[in-house]
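Enquirer: Going down the list, the sequences are from chains U and B. Under our numbering, the first residue of the first sequence is numbered 11, with each subsequent residue one higher. Under our numbering, the first residue of the second sequence is numbered 11, with each subsequent residue one higher.
Note that these hints are calculated values from the structure, not bench results. One should not assume that every hint holds.
For chains that are exact copies, the list does not tell them apart, and a pair is met inside one copy or across any two.
Stated by the list, open to error - In silico DSS-like cross-links for lysine-lysine, where the CA-CA straight-line distance does not exceed 27 Å: (1) Lys47 - Lys375; (2) Lys363 - Lys47; (3) Lys375 - Lys363; (4) Lys164 - Lys375.
Number of protein chains: 2
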Amino acid sequence: MSVVTVEVGLGDRAYEILIGPGLIARGGELIQQRLPKARCAIVTDGNVAAAHLEPLVESLTAVGNAPAVITLPAGEKTKSFSSLETVVDQIIAARLERGDAVIALGGGVIGDLTGFAAGIVRRGMNFVQMPTSMLAQVDSSVGGKTGINSPRGKNLIGVFHQPKLVLADTAALDTLPLREFRAGYAEVAKYGLIDRPDFFAWLEQNWQEVFSGGAARIEAIAQSCRAKADVVARDEFETGDRALLNLGHTFGHALEAATAYDGARLVHGEGVAIGMALAHRFSARLNLASPDDAARVEAHLRAVGLPWRMSDIPGDLPDAEALFNYITQDKKVTRGALTFILTRGLGQSFIAKDVPASEVISFLKEQRQG
Amino acid sequence: MSVVTVEVGLGDRAYEILIGPGLIARGGELIQQRLPKARCAIVTDGNVAAAHLEPLVESLTAVGNAPAVITLPAGEKTKSFSSLETVVDQIIAARLERGDAVIALGGGVIGDLTGFAAGIVRRGMNFVQMPTSMLAQVDSSVGGKTGINSPRGKNLIGVFHQPKLVLADTAALDTLPLREFRAGYAEVAKYGLIDRPDFFAWLEQNWQEVFSGGAARIEAIAQSCRAKADVVARDEFETGDRALLNLGHTFGHALEAATAYDGARLVHGEGVAIGMALAHRFSARLNLASPDDAARVEAHLRAVGLPWRMSDIPGDLPDAEALFNYITQDKKVTRGALTFILTRGLGQSFIAKDVPASEVISFLKEQRQG
Ligand SMILES: NC(=O)c1ccc[n+]([C@@H]2O[C@H](COP(=O)([O-])OP(=O)(O)OC[C@H]3O[C@@H](n4cnc5c(N)ncnc54)[C@H](O)[C@@H]3O)[C@@H](O)[C@H]2O)c1
Ligand SMILES: NC(=O)c1ccc[n+]([C@@H]2O[C@H](COP(=O)([O-])OP(=O)(O)OC[C@H]3O[C@@H](n4cnc5c(N)ncnc54)[C@H](O)[C@@H]3O)[C@@H](O)[C@H]2O)c1
Ligand SMILES: [Zn+2]
Ligand SMILES: [Zn+2]
Numbered sequence: 011m012s013v014v015t016v017e018v019g020l021g022d023r024a025y026e027i028l029i030g031p032g033l034i035a036r037g038g039e040l041i042q043q044r045l046p047k048a049r050c051a052i053v054t055d056g057n058v059a060a061a062h063l064e065p066l067v068e069s070l071t072a073v074g075n076a077p078a079v080i081t082l083p084a085g086e087k088t089k090s091f092s093s094l095e096t097v098v099d100q101i102i103a104a105r106l107e108r109g110d111a112v113i114a115l116g117g118g119v120i121g122d123l124t125g126f127a128a129g130i131v132r133r134g135m136n137f138v139q140m141p142t143s144m145l146a147q148v149d150s151s152v153g154g155k156t157g158i159n160s161p162r163g164k165n166l167i168g169v170f171h172q173p174k175l176v177l178a179d180t181a182a183l184d185t186l187p188l189r190e191f192r193a194g195y196a197e198v199a200k201y202g203l204i205d206r207p208d209f210f211a212w213l214e215q216n217w218q219e220v221f222s223g224g225a226a227r228i229e230a231i232a233q234s235c236r237a238k239a240d241v242v243a244r245d246e247f248e249t250g251d252r253a254l255l256n257l258g259h260t261f262g263h264a265l266e267a268a269t270a271y272d273g274a275r276l277v278h279g280e281g282v283a284i285g286m287a288l289a290h291r292f293s294a295r296l297n298l299a300s301p302d303d304a305a306r307v308e309a310h311l312r313a314v315g316l317p318w319r320m321s322d323i324p325g326d327l328p329d330a331e332a333l334f335n336y337i338t339q340d341k342k343v344t345r346g347a348l349t350f351i352l353t354r355g356l357g358q359s360f361i362a363k364d365v366p367a368s369e370v371i372s373f374l375k376e377q378r379q380g
Numbered sequence: 011m012s013v014v015t016v017e018v019g020l021g022d023r024a025y026e027i028l029i030g031p032g033l034i035a036r037g038g039e040l041i042q043q044r045l046p047k048a049r050c051a052i053v054t055d056g057n058v059a060a061a062h063l064e065p066l067v068e069s070l071t072a073v074g075n076a077p078a079v080i081t082l083p084a085g086e087k088t089k090s091f092s093s094l095e096t097v098v099d100q101i102i103a104a105r106l107e108r109g110d111a112v113i114a115l116g117g118g119v120i121g122d123l124t125g126f127a128a129g130i131v132r133r134g135m136n137f138v139q140m141p142t143s144m145l146a147q148v149d150s151s152v153g154g155k156t157g158i159n160s161p162r163g164k165n166l167i168g169v170f171h172q173p174k175l176v177l178a179d180t181a182a183l184d185t186l187p188l189r190e191f192r193a194g195y196a197e198v199a200k201y202g203l204i205d206r207p208d209f210f211a212w213l214e215q216n217w218q219e220v221f222s223g224g225a226a227r228i229e230a231i232a233q234s235c236r237a238k239a240d241v242v243a244r245d246e247f248e249t250g251d252r253a254l255l256n257l258g259h260t261f262g263h264a265l266e267a268a269t270a271y272d273g274a275r276l277v278h279g280e281g282v283a284i285g286m287a288l289a290h291r292f293s294a295r296l297n298l299a300s301p302d303d304a305a306r307v308e309a310h311l312r313a314v315g316l317p318w319r320m321s322d323i324p325g326d327l328p329d330a331e332a333l334f335n336y337i338t339q340d341k342k343v344t345r346g347a348l349t350f351i352l353t354r355g356l357g358q359s360f361i362a363k364d365v366p367a368s369e370v371i372s373f374l375k376e377q378r379q380g
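One chain only, chain U, in its complex shape (with noise of 0.2 Å):
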């Protein structure tokens, strides 16, 4: 199997994805001819070390460049102001300097966590992303968003810092528990109903082998990241058309805080995933779309086992109201209508700014009971 490459085109911060497996054994040779000088550290988590580091280890000191390594407990803990000041310290202690790299080897909590580090030490130094979950590789380590969380709120803090290169091994993904594998397929599918419905239908045929882990899965890693690069290259700061990239997000994160973030009961991709299924759903209530497009998104969301409704969650959740007030925590709510993206069918979704409140409402009741 091959490597695909995709462009990122962001003028003299473009940067290429590779997209094939084997990749994490290659990252001394790749990274040594893009960066001929650069001194590395890696970043990473325990699960990921005990599974992915040794050769990436190996093939840096085989191009005579042995890198510092930082480990950090697995888990989105990590993505603490305290977890930021260990890795910054650490590269400091390191003595790299500006023009050296930092290698962020994980799924997209060390990614976040490492590019907004190598984004502050000495006002930005260079930036490998080798993502090792299925979300990272089609989502988080693509267009430089980095960050951490507030007790206040997720991802409230970070910078924008876009890599030198993303080297996404698509053979480390069959060391990924299955359930994280579907969470991130659920970022695959978000492509395809955003603006590509011909994406959706090749996934709805193709699924079990992108799982399985032949040509397809690179296939449709690399359809991903072009879908994200797009987007990112027409708005890198998030001023516009990247909020489309929030399809199935807004019911996802309300879900989410209602589950108080427990991953034994929904991760974000579950989460998303039953907010694509209700944004679709909700579409069609409010007479934008057919219920047709809702019911084959449910349908493939269910085939890949993925939840794809509330009742999917195991334990109980709060009621409508209590719901739609984690909505607005998310969102501002102005005289009374609220942003969401929805959709006019399946790969037709758009940024509706004038949602009623009311709607929303009665929407989470009715949902809350089928």
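Given the structure of chain U, go ahead and fit chain B with the ligands onto it with the hints provided.
Expert: Quick look at chain B with the ligands alone, frame taken from chain U:
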């Protein structure tokens, strides 16, 4: 006395610096003109709050924009991770959004810390500088460098984040301790010595009026801001020319480190003053410039009451070898050579990339005795 405007030409990040007396009390109106809908938070320190907070709060409140206020302890220690976390948390707690504004009211410490916080909350909020120290008005508030210190070195952590507006209230400097005023003045003289010999000659004639606070003070600050803005517009991200601003800073930083950043012995601008005199003397020793220029620089620094030689620092200094080690902590020694800002004569500074370490050491030996 009228207000002078200096434009910082940075394309879509361009902004104005207003310089004149009474601008703090006009803050509300001036900010509202530029950021009509922005809600505000003010970050300041105890000393500055006591002298200047009230008129600013009043003027914001008068335009219907009552601000949140975050007051920190005065002093360099405030440029830390823990203060950063506090400021970030308080900005989020005040529920400010990306389009709202964070105002730094204070010296360089408050400006650097606050700019960094504004740069990372929601990946970049509007930022307004209201510098109240001489150093901040002529140097740190211009150019978008923000940051905090690491236990392993000063200013190692931060971002480039340009303000939307700088309001330099020249009357606010009247409450500044004279020693701080003088230290900031060293950076004013620096702009003359870099590449504006006529400005240096003007300062030799007019420095007393700059200190006493007439039109000459506004003029000196405006010239300094223009000088810095020129360099920044040429090299926003410090990959070349911006290094000229480090004239006097290599020796100066070594002296600050050698006195353990003990402000009772040496504050930053004083280190810069001695450093500039040394850079001129060293250039003469290397036969790059005439010793008369060094003597002229020394005479002016002495006249305004700044220290200009190592023996002006109270207490013992380490020996030449130890001083040299402090220099190399700051910068790489590549094959026995260092980069310094040297001069070919008054106002003719340049970046010298191949200064032999041996010359630096013997120069330091000679100066330690002198
Ligand atoms: N920056 C962005 O644009 C962006 C976009 C979407 C999501 N995110 C962020 O991404 C994060 C979620 O990312 P995630 O789902 O990758 O979480 P994660 O990094 O916590 O990874 C999920 C789990 O899988 C483990 N893991 C990762 N790769 C593995 C592998 N190859 N083998 C075995 N275990 C492996 C991790 O240790 C972790 O336990 C969230 O913090 C979210 O906010 C960021
Ligand atoms: N960002 C940059 O480009 C840049 C450039 C140069 C220096 N700096 C940084 O600036 C900092 C030094 O700035 P500084 O000298 O302003 O230090 P500072 O902010 O500590 O101010 C010096 C002292 O003066 C007090 N003060 C300030 N304004 C006052 C006023 N009007 N009345 C009474 N007291 C007042 C402060 O409370 C403090 O005690 C350093 O941290 C340095 O690294 C940054
Ligand atoms: Zn997501
Ligand atoms: Zn300085």
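Enquirer: Against each hint, give a clear statement of whether it holds in the structure.
Expert: Quick rundown of the hints versus the structure:
In the homo-oligomer, the alpha carbons of lysine 47 and lysine 375 never lie at most 27 Å apart, since the shortest distance is 59 Å inside one protomer and 35 Å across protomers. Taking the shortest Cα distances, lysine 363 and lysine 47 sit within 27 Å of each other only across copies (19 Å), while inside one copy they are farther apart (48 Å). For the identical chains of this complex, lysine 375 and lysine 363 are intra-copy neighbours only, at 22 Å inside a copy versus 70 Å across copies, given an alpha-carbon limit of 27 Å. In this assembly of identical chains, lysine 164 and lysine 375 lie within 27 Å of each other by CA distance solely inside one copy; the values are 26 Å within and 55 Å between copies.
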